[in-house]
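Assemble the whole structure, with the sequences as input and the hints as a guide.
Chains as they are written, first to last, in the working numbering: chain A, 1052 to 1225; chain B, 244 to 321.
Because the hints were derived from the structure by calculation, they are not lab data. Because the structure is a prediction, the values reported are computed rather than measured. One or more hints might be untrue.
[Stated by the list, open to error] Using C-beta positions, here's what the derived DEER-type ranges look like: (1) A:Ala1175 with B:Arg284: 49 to 55 Å; (2) A:Gln1144 with B:Ala273: 19 to 25 Å; (3) A:Ser1150 with B:Ala256: 29 to 35 Å; (4) A:Leu1060 with B:Gly269: 43 to 49 Å; (5) A:Leu1070 with B:Leu272: 24 to 30 Å; (6) A:Gly1172 with B:Ile247: 56 to 62 Å; (7) A:Val1210 with B:Ala256: 24 to 30 Å; (8) B:Leu272 with A:Thr1154: 33 to 39 Å; (9) A:Arg1218 with B:Tyr308: 23 to 29 Å; (10) B:Asp251 with A:Thr1063: 27 to 33 Å.
[As the list claims (entries may be wrong)] From the derived model, a few chain B residues whose C-beta atoms are all more than 12 Å from chain A: (11) Leu254; (12) Arg257; (13) Arg296; (14) Ala297; (15) Cys300; (16) Asp304.
Think of the CB as a built atom: it goes at the ideal place given N, C-alpha and C, for glycine as much as any other residue.
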Amino acid sequence: MQRPNGGALRATRALLRVLIALNLGLGVAIAAMLLASLFAESWVFGALGVRPGAGRAALIAGMRLMAVIGIASVPLAHLVLTRLRDVVETVQQGDAFISLNATRLRTIAWTVLGLEALHLGVWAVVTMASSRAQGLDVGWEFSPTRWLAVLLLFVLAQVFEEGTRMREDLEGTV
Amino acid sequence: MPIIVKLDDVLYARRMTLTELSERIGITLANLSILKTGKARAVRFSTLSAICRALECQPADLLEYAPGPEDGEEDRDE
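Put into structure tokens, the structure is as follows:
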């Protein structure tokens, strides 16, 4: 089998390692901020631009809920990145069409679906927490492209599964 | 697997070894061994005809269908 492009794969593996570390770091940072908000509410939310007065309580509750959603997304993102790293490893080894990779792709597809569900959860929180007095603006917008990407991942996982099965059949063909 | 490969019997009848067959028809010893031991999932017609030509036999001399209690489930394409 022809060896895959070593340079591109090495760069991809390095990038994935960085993203895995950044994701975990982000989770720690959000958790630290949430914890700090419990002990120093005025300082933390004042720094985040929450003004005293109408809508403050709802806004603070909403921002804490969003922090929880952010923390919840960290293990999901970790799952996606580590499974992707494992797939890239098999490409590096020159044997990517294995049933384990089909399973990994399906796991990635379901996990990204979970992340999109969490993204919808952010919209729900923004809607509930915002008031006429103080709005919660996180730049949320619905993106059909992201949902199309989820569909693409499921299709890709199925194609990979079929390809792996065909390859296994071929390997046993004399 | 309900298909039984009788390559051993035909080789014995023709007084030929698997190695000699492999050299004659250009199929690796490893692949012929997979076929002989019943581990092959499928056989190409080109392989079958090469073996039949070398051993001067018919496909029916090499393959036998012996249905078992689970036959039908293995053969079903899904």
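message: Using Cβ atoms and 12 Å as the threshold, tell me whether alanine 297 (chain B) really stays out of contact range of chain A.
response: Since the minimum Cβ distance to chain A is about 14 Å, alanine 297 (chain B) lies beyond 12 Å and the statement holds.
Range hint 56 to 62 Å (beta carbons of glycine 1172 (chain A) and isoleucine 247 (chain B)) holds or violated: 59 Å, holds
message: Beyond 12 Å on every Cβ pair: is that true for arginine 257 (chain B) relative to chain A?
response: 19 Å, holds
field: Minimum Cβ distance from leucine 254 (chain B) to chain A greater than 12 Å, as the annotation requires
entry: About 15 Å separates leucine 254 (chain B) from the closest Cβ of chain A, which puts it past 12 Å; holds.
message: A range of 33 to 39 Å was offered for this pair. Does it hold for the Cβ distance of leucine 272 (chain B) and threonine 1154 (chain A)?
response: Cβ of leucine 272 (chain B) to Cβ of threonine 1154 (chain A): about 34 Å, so the range 33 to 39 Å holds.
field: CB-CB spacing for tyrosine 308 (chain B) and arginine 1218 (chain A) relative to the 23 to 29 Å hint
entry: 27 Å, holds
- prompt: Is the hinted range of 27 to 33 Å satisfied by the C-beta distance from aspartate 251 (chain B) to threonine 1063 (chain A)?
  reply: 49 Å, violated
- prompt: Just checking, aspartate 304 (chain B) versus chain A, shortest CB gap more than 12 Å?
  reply: Answer for aspartate 304 (chain B): holds, closest chain A Cβ roughly 17 Å.
message: Quick check for students: does the CB of arginine 296 (chain B) sit more than 12 Å from each CB in chain A?
response: 16 Å, holds
message: Against the range 19 to 25 Å, how does the distance between the Cβ atoms of glutamine 1144 (chain A) and alanine 273 (chain B) compare: consistent or not?
response: This hint holds: roughly 22 Å between Cβ atoms.
- prompt: Regarding leucine 1060 (chain A) and glycine 269 (chain B), is the given constraint of 43 to 49 Å on their beta-carbon distance met?
  reply: 36 Å Cβ-Cβ, so the 43 to 49 Å window is violated.
- request: For the range 29 to 35 Å, tell me whether the beta carbons of serine 1150 (chain A) and alanine 256 (chain B) fit it or not.
  value: Since serine 1150 (chain A) and alanine 256 (chain B) have Cβ atoms about 40 Å apart, the given range 29 to 35 Å is violated.
In this structure, the earlier hints numbered 3, 4, 5, 7, 10 are contradicted, and the remaining ones agree with it.
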